Amino acid sequence: MTARRIIVGYDRSTDAKAAARWALDEALRTGAAVEFLYAYEWPAWLPATSTVPAPSVWPDGETDRAIQGALNEAAALAKQSHPSVPTHVTFVHNSAALELIGRSAGASLVVLGCRGHSGVTGLLGSVSVAVSAHAKCPVVVVRGEPAGEAPVVVGVDDSPSAQVALVFAVEAALARGVGLRVIRAWPQVTGLWEQSQIVTRVVTEQERRPFDELIAGWQRKHPELTISAEAVVAHPAAALAEAGRDAQLLVVGTRGRGAMLGMVLGSVSQHVLRHSPCTVVVAHGEQ
1 MTARRIIVGY DRSTDAKAAA RWALDEALRT GAAVEFLYAY EWPAWLPATS
51 TVPAPSVWPD GETDRAIQGA LNEAAALAKQ SHPSVPTHVT FVHNSAALEL
101 IGRSAGASLV VLGCRGHSGV TGLLGSVSVA VSAHAKCPVV VVRGEPAGEA
151 PVVVGVDDSP SAQVALVFAV EAALARGVGL RVIRAWPQVT GLWEQSQIVT
201 RVVTEQERRP FDELIAGWQR KHPELTISAE AVVAHPAAAL AEAGRDAQLL
251 VVGTRGRGAM LGMVLGSVSQ HVLRHSPCTV VVAHGEQ
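The opening position of the sequence shown corresponds to residue 1 in the working numbering, with each subsequent residue numbered one higher.
I should point out that these hints are in silico values taken from the structure, not numbers from a laboratory.
Note that this is a predicted model, so its numbers are computed, not measured.
For every residue, glycine included, the Cβ atom is placed at its ideal position computed from N, Cα and C.
Mixed in with the good hints, there may be bad ones.
[To be verified] Listed next, with one range per pair, are the computed distances between beta-carbon atoms:
#1 Ser-126 with Arg-220: 42 to 48 Å
#2 Gly-177 with Gly-69: 17 to 23 Å
#3 Ser-13 with Ala-216: 43 to 49 Å
#4 Ala-66 with Ala-238: 39 to 45 Å
#5 Arg-220 with Gln-68: 22 to 28 Å
[Said to hold, decoys possible] Derived DSBU-like pairs (lysine-lysine); straight-line CA-CA distance at most 35 Å:
#6 Lys-17 with Lys-79
#7 Lys-79 with Lys-136
#8 Lys-221 with Lys-136
#9 Lys-136 with Lys-17
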């Protein structure tokens with residue numbers, strides 16, 4: 001992870017404040033600067049008929065001042081808690097998702113809360129979904145308060161995006177001084193024999209060999225890093241969400257293999273973003 005600039009999507013919500021804390025801690029580790037970005041898209045409401053006078057559709061100065069005040073407050077709190085981290089604030093009139101996606105090309109990370117200001121609890125915010133799918137850099141969706149010694153977990157297969165995720169996870173584990181759990185899931189038996197005691201699914205030695213060789217290569221490269229390699233027979237989304245219960249960070253690629261390859265964001269990534277109990281990183285970029 002190149003130490004450049006971490007962008008925090010900030011709207012003063014509880015989840016955005018948690019994202020800010022995470023970003024500041026990460027900046028302290030990497031030497032990056034943190035930008036608090038508040039993108040405000042004023043609803044362009046028009047009356048149902050042209051005979052009704054239309055109200056102003058652009059925010060007044062009071063709204064702008066309130067938002068700028070919230071950003072200044074965030075920067076002041078960051079100065080108190082992380083005095084060595086450079087910070088600045090940005091306020092734009094635009095869609096939050098579009099603004100964050102556009103700015104991600106020049107960032108090392110985009111960090112978001114899991115919901116933002118939403119009247120529906122328990123759901124992943126639409127901004128998080130859109131940015132995770134289309135950003136040009138890794139996107140972090142902050143959730144939970146894990147112990148500092150908890151490991152980093154990453155899901156891999158043989159897709160290019162999974163290798164990008166593994167690189168990110170290795171660097172994250174090294175930076176935090178914690179272990180790394182690498183999970184490779186193979187499909188379960190389905191169809192007619194799914195409930196049969198006769199036919200069971202096991203990962204063969206031949207299937208597992210490339211995975212073991214991959215892990216051995218990373219272990220040779222970083223002998224100081226404790227790596228556990230887990231080959232499981234399970235749906236990868238379920239296996240990773242379960243592993244997130246004991247992790248401080250869960251890293252996934254943007255797409256896996258199979259029929260879901262053409263989707264905007266892979267089905268595994270979507271499931272993990274919605275159901276992981278810990279912070280999730282969707283790794284974009286090149287190895």
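Checklist entry - Which hint numbers doesn't this structure obey? => result The structure breaks hints 2 and 5; every other hint is satisfied.
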